[in-house]
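Those protein sequence lines, which keep their order, are chains V and W.
In terms of the numbering used here, the first sequence opens at residue 1 and continues consecutively.
In terms of the numbering used here, the second sequence opens at residue 1001 and continues consecutively.
Please keep in mind that the hints were generated in silico from the structure rather than gathered at the bench.
Treat the hints loosely; a few may be bogus.
Unchecked claim - A few chain W positions that, by computed beta-carbon distances, are all more than 12 Å from chain V:
| no. | residue |
| --- | --- |
| 1 | Leu1052 |
| 2 | Leu1069 |
| 3 | Phe1074 |
| 4 | Ile1165 |
| 5 | Pro1175 |
| 6 | Leu1217 |
| 7 | Tyr1218 |
| 8 | Ala1221 |
| 9 | Asn1222 |
| 10 | Met1228 |
| 11 | Leu1230 |
| 12 | Leu1238 |
| 13 | Leu1266 |
| 14 | Arg1284 |
As the list claims (entries may be wrong) - Reference excerpt, derived from the structure (chain V facing chain W, CB under 8 Å, subset only):
| no. | residue |
| --- | --- |
| 15 | Phe13 |
| 16 | Ala17 |
| 17 | Ala50 |
| 18 | Leu70 |
| 19 | Pro72 |
| 20 | Phe81 |
| 21 | Ser83 |
| 22 | Ala85 |
| 23 | Met102 |
| 24 | Arg103 |
| 25 | Leu105 |
As the list claims (entries may be wrong) - Result set (DSSO-like, lysine-lysine): computed pairs, CA atoms no more than 27 Å apart in a straight line:
| no. | chain 1 | residue 1 | chain 2 | residue 2 |
| --- | --- | --- | --- | --- |
| 26 | V | Lys148 | V | Lys256 |
| 27 | W | Lys1032 | V | Lys148 |
| 28 | V | Lys185 | V | Lys73 |
| 29 | V | Lys185 | V | Lys195 |
| 30 | V | Lys185 | V | Lys148 |
| 31 | V | Lys73 | W | Lys1264 |
For glycine and all other residues, C-beta sits at the position ideal for the given N, C-alpha and C.
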Amino acid sequence: MASVSISGIQKSFGPAAVLRDVSLSIADGEFLTLLGPSGCGKSTLLRILAGLEMQDAGSISIGERSVDGLRPKRRDVAMVFQSYALYPHMTVAANMALPLRMRRLSAIQRWPFVGRLLPSVTRLAAEIDTEVTRTAKSLGIGHLLARKPGQLSGGQRQRVAVGRAMVRHPAVFLMDEPLSNLDAKLRVQMRTEIKELHQRLGSTFVYVTHDQAEAMTLSDRVAVMLEGELLQVAPPQNIYADPDDRRIAEFIGSPKINMLDGVVRERGAIDVVGSTLAIDADALPGTPLTLGIRPENLHLTDHGGQGALTGSVRMIEHMGSDLFVHLDLAGLDHPFIARLLAERAPHIAPGQTLHLGVRPERVLLFTRTGRRLRRQDEATPSSVTPFRDVAQ
Amino acid sequence: MSRPAATMESAGTMAQAGDRGASQLLSASPAKRRAFAEGATAWMLAGLAVFLLLALFFVPVLGVVLIALTDWQFGSASFSFVGLANFREVFTDQGFRASLLNTILYVLIVVPGTVVSGLAIALLIESGRSCRAFYRAIHFLPFMATLTAMAIAWEALLHPTIGLINQTLAAMGLPTANWLRDENTALPVLAVIGIWQNLGYAMVLFLAGLKSIPQDLYDAANVDGADMWLDRLRTVTLPMLGPVTMFVVIVVALRAFEAFDTVKVLTQGGPGHASELLLYTLYRESFEYLRTGYGAAVAVVFLLIVVTLTLVQTRIVDKKVHYQ
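Given only the sequences and the hints, what does the whole structure look like? Please build it.
Here it is, written out as structure tokens:
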């Protein structure tokens, strides 16, 4: 168990900068997810944490101890790989025992045949055996110990990989997209199991994923990475509702957030696609802004004009309790999506003109460079982010 | 698998049907006619290959087995069947026994030598960054070169007085030897040349095998603590190279059993029988002493060894080195 502190990490592969000055503090026992699209550098950061790659600049400490330059096995971390990386020629038991054998037995004691003759090897091997069996049982794979990875299903292999990481009680668990090779149903089930595992072990988890659902459901905090930069570190609900950057708002949420270009008309009024919304922006009249409106923050109204957006229905997606209504708005070249409760919007048909009301307090404002512009009445992030003090 | 088998079977039944006459066939059901057409097509397509296999392999083998049962001498107009007399002679003959033992010894030196050195060179090339193509090429060259020509180069190197090897040894104050004329060194020297010739081939196969090992496994081994080279080798590299290694062992063993060029050019099996290998014995008995029947018996024994080796590969070993 340990906190992790990452400061000023930079990494380039040739001319391509993969990580640009990434700093992050992870509390002891926290479940932190590195979330971002593929190629954003999240896996590289995890590999640097594990010691599998060396950073070009910056430093890392685990539990107050600097681990820069330490080999992976000296860092007290365990890693679960996307491919599971189980040794195909070893049984499940041997796979799980390997980290313990490497640590507790000397090089000579590990020699085949000869090693077994040395004193205390039998006792150590028996201890390792007991621990492996106990860990396997706790993961529900006790009956698979004699099998080889090739004879296991995807979910079972995943458990073995977790078991191999767990068996030596590392201070930090590193997980690199551990669920992405599973089918959708199993992924949801294993997600729950990983969450339970974290609660049971109380260790620090650093989890890399590109799947926002995993990030939102598992994490204490989510660190969103894009193009090698850490954009925001916050609890899942804040990442969704209170993003610092336009790119985060667009990356998180399905269907995607609607982005509308607008201009501040005066205090408390913003002109946007043929309408005026009563939003109090901290900006001078004439300032161009981008408004981010999540599809579920729209509702049907019976009048157009002031405070509402008007468009014609292009397509409707029925999702059971909800409808995703795709609309064409005058002056907008991409579709605008509203998520409406099915029971409140029973008679919508393509071609129909709809008026949608917007709740001003739910609109996210961004400058044209993509930086978040908080309204004056909005809470500052520090008051709603429990780990913010740790993160900075 | 089942489809070609079914086709062959139907071809068989249709061949019988053919005997009963075309009129019966015309009155047969559409399903049967279709099966006949399929069978005919199958035989047509496979025919050439089957013919070549019979003409170039099975018939000659049968011929050799038959000759082995006679006392025929090359060029003589008459022969008589002598049963298993040739085989009895083969197994009681001191010369053949020496040759067989030499061959086994030769294989036992060449196979491990080639596998270990091929693997070591592959690992070295793979771990470095520069000049990979160059190292690959120079180590692969001996395999591509004509061994007879290379053997002459070796003969020059091994020459007892003016050869580079003895000169070098003498310059360093080490004892020299008449490598190819000394019964203690002739066979080992031939084996070393065999290793030199085959290691490029083993290296190329190992390089391909190394490329197919997922980097993730090395990463996992690193995190798990198996990060010294010997641990990495034992935990990941060697087990993952299992199938390739097995293939290399079998192929190199077969090639070692077939060693002939170096013996013929460098030692002619001498001194005495010290460097005589099976294929050379076969050649000499058949084409120098013209004892064709006896030579054929040696060939049959040789063929049995080679076939057994191949069967071992396909039957037993395949199961043990694949991990699925």
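Cut-off 8 Å, beta-carbon criterion: hint that arginine 103 of chain V touches chain W:
holds (5 Å)
May I ask you to test the interface hint for alanine 85 of chain V with respect to chain W, counting a Cβ-Cβ separation under 8 Å as satisfied?
Because about 4 Å separates alanine 85 of chain V from the closest Cβ in chain W, which is inside the 8 Å limit, the hint holds.
In terms of Cβ atoms, is chain V entirely out of 12 Å range of tyrosine 1218 of chain W?
Non-interface label fails for tyrosine 1218 of chain W: nearest chain V Cβ at 9 Å, not farther than 12 Å.
Minimum C-beta separation from methionine 1228 of chain W to chain V exceeding 12 Å: can you confirm that?
violated (7 Å)
Satisfaction of hint between lysine 148 of chain V and lysine 185 of chain V, Cα-Cα up to 27 Å:
Holds, because 24 Å separates the two Cα atoms, which is no more than 27 Å.
Is the interface hint for proline 72 of chain V satisfied, with its Cβ closer than 8 Å to some Cβ of chain W?
Constraint on proline 72 of chain V satisfied, holds at 5 Å.
Find the nearest Cβ of chain V to the Cβ of leucine 1238 of chain W and say whether that gap is larger than 12 Å.
violated (9 Å)
Consistency of the no-contact label for leucine 1052 of chain W, given chain V and a CB cut of 12 Å
At roughly 39 Å from the nearest Cβ of chain V, leucine 1052 of chain W sits farther out than 12 Å, so the non-interface label holds.
Hinted pair lysine 73 of chain V and lysine 1264 of chain W, Cα distance within 27 Å
violated (56 Å)
Pairwise hint evaluation, lysine 73 of chain V against lysine 185 of chain V, where the allowed Cα distance is 27 Å at most
Answer violated: lysine 185 of chain V to lysine 73 of chain V is near 34 Å, above 27 Å.
Does the CB of leucine 105 of chain V sit less than 8 Å away from some CB of chain W?
Hint on leucine 105 of chain V: violated, closest Cβ of chain W at ~10 Å, above 8 Å.
Return the status of the interface hint for methionine 102 of chain V: holds when the least beta-carbon distance to chain W is below 8 Å, violated otherwise.
Hint on methionine 102 of chain V: holds, closest Cβ of chain W at ~3 Å, below 8 Å.
In summary, the structure is inconsistent with hints 6, 7, 8, 9, 10, 11, 12, 15, 16, 18, 25, 26, 27, 28, 31 from the numbered list given earlier, while agreeing with the others.
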